[in-house]
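K.L.:
The task is simple: from the sequences and hints, build the whole structure.
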Amino acid sequence: MNVRAVDLIREDCLSGLEGRSEQLSPLRGDTVVITGGTGFTGTWLAEMIAALNDQYSFGTKLILISRSTDHFKSTRPHLANRADITLVKSDVRYMVELPKETNWVIHAAANPDNRFHSTNPIEAMAIISDGTFAVLKAVDRCGDFKMFLNLSSGLIYGSQPLEVERISEHYAGAPSCGSVSSVYAEAKRFAETLCAAARSQARIPLVTARPFAFIGPYQSMDTPWAINNFIRDALNGSAIRVHGDGQTVRSYMYPSDMAYWYLRILTGGSSGLTYNVGNPEGITLQNLALMIAGHFTPSPEIRLHTAAGAAKTRFVPEVAMAVNELGLAQKVSMPQAIERTIRWNKA
Amino acid sequence: MKYVLVSDPSLRDGNHAIQHQLSEEQIAAYCRAADAAGVPIVEVGHGNGLGASSLQLGESKTPDDRALRVARENLKTTKLGIHVIPGFATIEKDLKHAIDIGVDVIRVAAHVTEADLTQRHIDFARSKNKTVFGVLMMSHMASPELLAEQAKKMESYGAEGFIFMDSAGHYLPSDVTERVVALKRELSIAIGFHAHNNLGMAIANSVAAVEAGASMLDGCARGFGAGAGNAQLEVLVAVLHRMGYETGIDLYKILDAADLAEKELMSVVPTIKSTSVVSGLAGVFSGFMKPVDRIAKQFNLDARDIFFELGRRKIIAGQEDIIIEVATELAKRTQTAPVQARSV
Amino acid sequence: MNPRLRVGIIGSGNIGTDLMIKILRSPLLESTIFIGRNISSPGMAKAQSLGVPTSGESIAYIQKYPDCCDLVFDATSAKDHEYHAKILEKLGKIVIDLTPANIGPMCVPAVNLSESLGAKNVNMVTCGGQASIPIAYVIGKSQKNVDYIEVVSSIASRSAGPATRINLDEYIHTTERGVQKFSGAKRTKTILNLNPAIPCIDMQTTILCKVDQPDLESLKPMLADMVKKIQSYVPGYEVIVGPIIENGRIVVMVRVKGLGDYLPAYAGNLDIINCAAVAMAEEYAKTWDTYSQRMDNT
Numbered sequence: 001m002n003v004r005a006v007d008l009i010r011e012d013c014l015s016g017l018e019g020r021s022e023q024l025s026p027l028r029g030d031t032v033v034i035t036g037g038t039g040f041t042g043t044w045l046a047e048m049i050a051a052l053n054d055q056y057s058f059g060t061k062l063i064l065i066s067r068s069t070d071h072f073k074s075t076r077p078h079l080a081n082r083a084d085i086t087l088v089k090s091d092v093r094y095m096v097e098l099p100k101e102t103n104w105v106i107h108a109a110a111n112p113d114n115r116f117h118s119t120n121p122i123e124a125m126a127i128i129s130d131g132t133f134a135v136l137k138a139v140d141r142c143g144d145f146k147m148f149l150n151l152s153s154g155l156i157y158g159s160q161p162l163e164v165e166r167i168s169e170h171y172a173g174a175p176s177c178g179s180v181s182s183v184y185a186e187a188k189r190f191a192e193t194l195c196a197a198a199r200s201q202a203r204i205p206l207v208t209a210r211p212f213a214f215i216g217p218y219q220s221m222d223t224p225w226a227i228n229n230f231i232r233d234a235l236n237g238s239a240i241r242v243h244g245d246g247q248t249v250r251s252y253m254y255p256s257d258m259a260y261w262y263l264r265i266l267t268g269g270s271s272g273l274t275y276n277v278g279n280p281e282g283i284t285l286q287n288l289a290l291m292i293a294g295h296f297t298p299s300p301e302i303r304l305h306t307a308a309g310a311a312k313t314r315f316v317p318e319v320a321m322a323v324n325e326l327g328l329a330q331k332v333s334m335p336q337a338i339e340r341t342i343r344w345n346k347a
Numbered sequence: 001m002k003y004v005l006v007s008d009p010s011l012r013d014g015n016h017a018i019q020h021q022l023s024e025e026q027i028a029a030y031c032r033a034a035d036a037a038g039v040p041i042v043e044v045g046h047g048n049g050l051g052a053s054s055l056q057l058g059e060s061k062t063p064d065d066r067a068l069r070v071a072r073e074n075l076k077t078t079k080l081g082i083h084v085i086p087g088f089a090t091i092e093k094d095l096k097h098a099i100d101i102g103v104d105v106i107r108v109a110a111h112v113t114e115a116d117l118t119q120r121h122i123d124f125a126r127s128k129n130k131t132v133f134g135v136l137m138m139s140h141m142a143s144p145e146l147l148a149e150q151a152k153k154m155e156s157y158g159a160e161g162f163i164f165m166d167s168a169g170h171y172l173p174s175d176v177t178e179r180v181v182a183l184k185r186e187l188s189i190a191i192g193f194h195a196h197n198n199l200g201m202a203i204a205n206s207v208a209a210v211e212a213g214a215s216m217l218d219g220c221a222r223g224f225g226a227g228a229g230n231a232q233l234e235v236l237v238a239v240l241h242r243m244g245y246e247t248g249i250d251l252y253k254i255l256d257a258a259d260l261a262e263k264e265l266m267s268v269v270p271t272i273k274s275t276s277v278v279s280g281l282a283g284v285f286s287g288f289m290k291p292v293d294r295i296a297k298q299f300n301l302d303a304r305d306i307f308f309e310l311g312r313r314k315i316i317a318g319q320e321d322i323i324i325e326v327a328t329e330l331a332k333r334t335q336t337a338p339v340q341a342r343s344v
Numbered sequence: 001m002n003p004r005l006r007v008g009i010i011g012s013g014n015i016g017t018d019l020m021i022k023i024l025r026s027p028l029l030e031s032t033i034f035i036g037r038n039i040s041s042p043g044m045a046k047a048q049s050l051g052v053p054t055s056g057e058s059i060a061y062i063q064k065y066p067d068c069c070d071l072v073f074d075a076t077s078a079k080d081h082e083y084h085a086k087i088l089e090k091l092g093k094i095v096i097d098l099t100p101a102n103i104g105p106m107c108v109p110a111v112n113l114s115e116s117l118g119a120k121n122v123n124m125v126t127c128g129g130q131a132s133i134p135i136a137y138v139i140g141k142s143q144k145n146v147d148y149i150e151v152v153s154s155i156a157s158r159s160a161g162p163a164t165r166i167n168l169d170e171y172i173h174t175t176e177r178g179v180q181k182f183s184g185a186k187r188t189k190t191i192l193n194l195n196p197a198i199p200c201i202d203m204q205t206t207i208l209c210k211v212d213q214p215d216l217e218s219l220k221p222m223l224a225d226m227v228k229k230i231q232s233y234v235p236g237y238e239v240i241v242g243p244i245i246e247n248g249r250i251v252v253m254v255r256v257k258g259l260g261d262y263l264p265a266y267a268g269n270l271d272i273i274n275c276a277a278v279a280m281a282e283e284y285a286k287t288w289d290t291y292s293q294r295m296d297n298t
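Residue numbers (the working numbering), protein chains in the order written: chain A, 1 to 347; chain B, 1 to 344; chain C, 1 to 298.
These are calculated hints, taken from the structure and not from any lab test.
This structure is a prediction, so every number in the text was calculated from the model and none was measured.
Errors might be hidden in some of the hints.
As the list claims (entries may be wrong) - Cut-off 16 Å, straight-line C-alpha distance, at most; resulting in silico cross-link-like pairs (EDC-like, lysine to aspartate or glutamate): (1) Lys184(B) / Glu149(B); (2) Lys46(C) / Glu97(A); (3) Lys312(A) / Glu165(A); (4) Lys120(C) / Glu283(C); (5) Lys93(B) / Glu170(C); (6) Lys96(B) / Asp169(C); (7) Lys332(B) / Glu309(B); (8) Lys312(A) / Glu163(A); (9) Lys257(C) / Asp144(A); (10) Lys141(C) / Asp212(C); (11) Lys210(C) / Glu59(B); (12) Lys186(C) / Asp212(C); (13) Lys290(B) / Glu246(C); (14) Lys120(C) / Glu82(C); (15) Lys64(C) / Glu89(C); (16) Lys297(B) / Glu246(C); (17) Lys331(A) / Glu18(A); (18) Lys153(B) / Asp123(B); (19) Lys141(C) / Asp215(C); (20) Lys100(A) / Asp261(C); (21) Lys210(C) / Glu246(C); (22) Lys228(C) / Glu238(C); (23) Lys312(A) / Asp222(A); (24) Lys346(A) / Asp7(A); (25) Lys93(B) / Asp169(C); (26) Lys229(C) / Glu282(C); (27) Lys130(B) / Glu160(B).
Claimed, not checked - Per label pair, the in silico range of CB-to-CB distance: (28) Pro105(C) / Gln201(A): 47 to 55 Å; (29) Ser270(A) / Asn38(C): 29 to 37 Å; (30) Lys100(A) / Lys141(C): 37 to 45 Å.
The beta carbon of each residue, even a glycine, is placed where N, CA and C say it ideally should be.
P.N.:
Here you go:
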């Protein structure tokens, strides 16, 4: 990662924090542990906490737990070499202890890549179920523990009916049971219930966030998700290929907003509550492709119906809980998110 | 017409107001009056319930055994109820004996986040074929969802009804409505509410509870209870009747019982004193009023400061010992403050 | 110097694991086996990481290898201990019982350490008992006609697991019995509060006492000596209020901070009982030569 790319992200973090950094002040001087700490989510949270420490003198210590710390050291040295960030190489499933000084935990360890879910479904489920179990057990022995943020998934609602504009936290849908395509969503459902059990029995203070979709730096453009592929195609100078008629609706949040929202939910959320995290404004894939194409000259061709008979779907959250209870807002609009993602990927 | 089951804990909660000094004669007299008025349930005992007579919480003038026997002898149709907090009362020492004396209704109580302490007591009372209700105290310290989650545990242990208490007198009517709605979503047993009057909301909150679907309410004669007092029973009955609810209670006779209570049970009728307002705002257990006043005097402190500090520390009923610690600390702080001011 | 006394732990939960860490620090004890039911539990992993031999075979392991240790700490449950106690007795093991099974005599190191040595199964009373009995004992020694002693403990809700909650009545009865036995008070009462506050509160125990004529001057020096004695094996033990006379009764309030070995520091209630158990085992270790000879002769 070059200096330019690093700077772009710092810029994102600082503007993300501007005027609302003090709401995260419970983190001052405390120790935050992130499981799955070197993934997309963990990296953004690390960037955000680094910015809080550098710009606002938070003095927050961050511990990133991951199996892939070696890779992180070589690809993200600007984070890995910081004095306020400690890397712990460990498989979260077999982790026995957390550092005693742990005050906050963000449990992000899970592999969201659906290619992995298809090829290795048992492992995909075990990372979530056994990993959550192990982390909760370890948290139970942290003396000055303040809050556990379980990162669940917007997928736990099952498929969103087209007539439901936005899914709220009370929506009672569920993924289909006994299907391999449900492994991730079903494991996340299990993890949420396990967390509720730990909150009830072991009195671990705990909040849940259900992330929807994000677009931004640190995301692999190879992951077979629509927006990533659109951008990758455009960056490669190829045509943007849209499965179906382009009327499928998605929504995306920029990761500096995501990271801020997570930290705010962690520090301000009430134990036992659940918050959707994502962009409540949906966009059709056709409009998304057009928006992306607009950033390139010459503008790439947009090809609809590249996969015949692809079903129209919808995946958009209601975020009134986060907005009303915690005063959260998105700072980065959809067009800005696209623009910054492209700029970073070019840098 | 809709029925509301009214429970009268005057002879239990009222004990808080007079350092647990109710005598056998007083218990007998009020039981007769309440029985005559057709009050469905009268609750008797130490302010903190069965087995709670102690130096920590105040010693009862009339021991549990005597109080329950006297009440039993003087209640014909009214059922005899007790309040039981695991941690104070054990099954072996206290509950078995109370059941032998003939209590009808056993309300097993815990702090709002600790419902799982009640499993064995509820189970035991059920096995003795008694009416068992679960009670969660200091319910304002939990969100409506968490309250419902804890109440559900009590239902699973066998509670036939569930009562949440506004022990600190902290609620506004909308808080009560929100909680009853959350409880109705979760429970299939009857829901009840026990109000305190620190912010002058006891009757309004009780009304909000039944309007939202609660079917049990607590009220004390003249509000006789801890701190600012409870929902005033005779007012509650009048209001419920005016709203068209049935209680089975005779209005004139409950007014008579309240007059008797004022004359025979209490030295002063509960009023909302300044400290009560503060304890209600701070969300601190009303039963702390007497010890806080006493200790404030002893340490030459403002009782209001002690209350806000207790609220900040989330001190719960049964932790009266912490008052001394808080007072010691506050006293130290006020002593050292001028010195610090000079050195800065 | 004598070789260290070889001790085993049965029960690989939080209590047993914390105990193991304390034993590893002891110059008198050697943790030779750590036994549980589930070889992949966090406690087992911790033991393995510290180089302590482990087994997932439960009591069967000691039956199979009776020479694995001379003294056994039982940190399982009351029900399991009743079963273990018979087996361990046959095998001639000294047993320190941390469950509420109440088989052997009660041991509170600051009060009756050397007397307890005669027993082959000692029980560690309760956390509230370990915190309050030494105080009750010096009240009993210094005051005439102790009418009544009351012990009120507050512990962090997070430190009370399902077993503690379901055994609340047994906790109360055992603590009351212990306080009565060691203080000679006519009547005793025990109260336990669970406090859900976050951050978690430290364990606090208040001892309130009714006597005819409170005599603080006699109590003070005895109390100071006693507290020093307790602190020698429970470093986090301190008197935070008293002794004072409030409303005509003697009040002493103590706070117990845990060492935070494996359990969190706020769990002083769990720590104190482990500290007491280790102190007891060390006493056996100090006198092991004479003790084992005596056993051989009988």
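K.L.:
Honestly, do serine 270(A) and asparagine 38(C) meet the 29 to 37 Å range at C-beta?
P.N.:
Since the Cβ atoms of serine 270(A) and asparagine 38(C) sit about 35 Å apart, the hinted range of 29 to 37 Å holds.
K.L.:
Verify the proposed pairing of lysine 93(B) with glutamate 170(C), using a straight-line Cα cut of 16 Å.
P.N.:
Distance ~11 Å between lysine 93(B) and glutamate 170(C) Cα, so the pair holds.
K.L.:
Between the alpha carbons of lysine 120(C) and glutamate 283(C), is the straight-line distance 16 Å or under?
P.N.:
Distance of about 13 Å is within 16 Å: holds.
K.L.:
Hint check: lysine 93(B) vs aspartate 169(C), CA-CA at most 16 Å. Holds or violated?
P.N.:
OK: lysine 93(B) and aspartate 169(C) at ~9 Å, within 16 Å.
K.L.:
Take the C-alpha atoms of lysine 186(C) and aspartate 212(C), compute the straight-line distance between them, and say whether it is at most 16 Å.
P.N.:
Holds: lysine 186(C) and aspartate 212(C) sit about 12 Å apart, inside 16 Å.
K.L.:
Are the Cα atoms of lysine 100(A) and aspartate 261(C) separated by 16 Å or less?
P.N.:
holds (9 Å)
K.L.:
Quickly compare the C-alpha distance for lysine 332(B) and glutamate 309(B) to 16 Å and report which way the hint goes.
P.N.:
Within the cut-off at roughly 14 Å; holds.
K.L.:
Going straight from one Cα to the other, do lysine 229(C) and glutamate 282(C) come out at no more than 16 Å?
P.N.:
holds (15 Å)
K.L.:
Would you mind confirming whether the straight-line C-alpha gap from lysine 312(A) to aspartate 222(A) stays at or under 16 Å?
P.N.:
This hinted pair is violated, its Cα atoms lying about 22 Å apart.
K.L.:
Does the alpha-carbon distance linking lysine 130(B) and glutamate 160(B) stay inside the 16 Å limit?
P.N.:
holds (10 Å)
K.L.:
Are the Cα atoms of lysine 46(C) and glutamate 97(A) separated by 16 Å or less?
P.N.:
The hint holds at about 8 Å.
K.L.:
Does the structure keep lysine 96(B) and aspartate 169(C) at a Cα separation of 16 Å or less?
P.N.:
holds (13 Å)
The earlier numbered hints that this structure contradicts are 23, 28.
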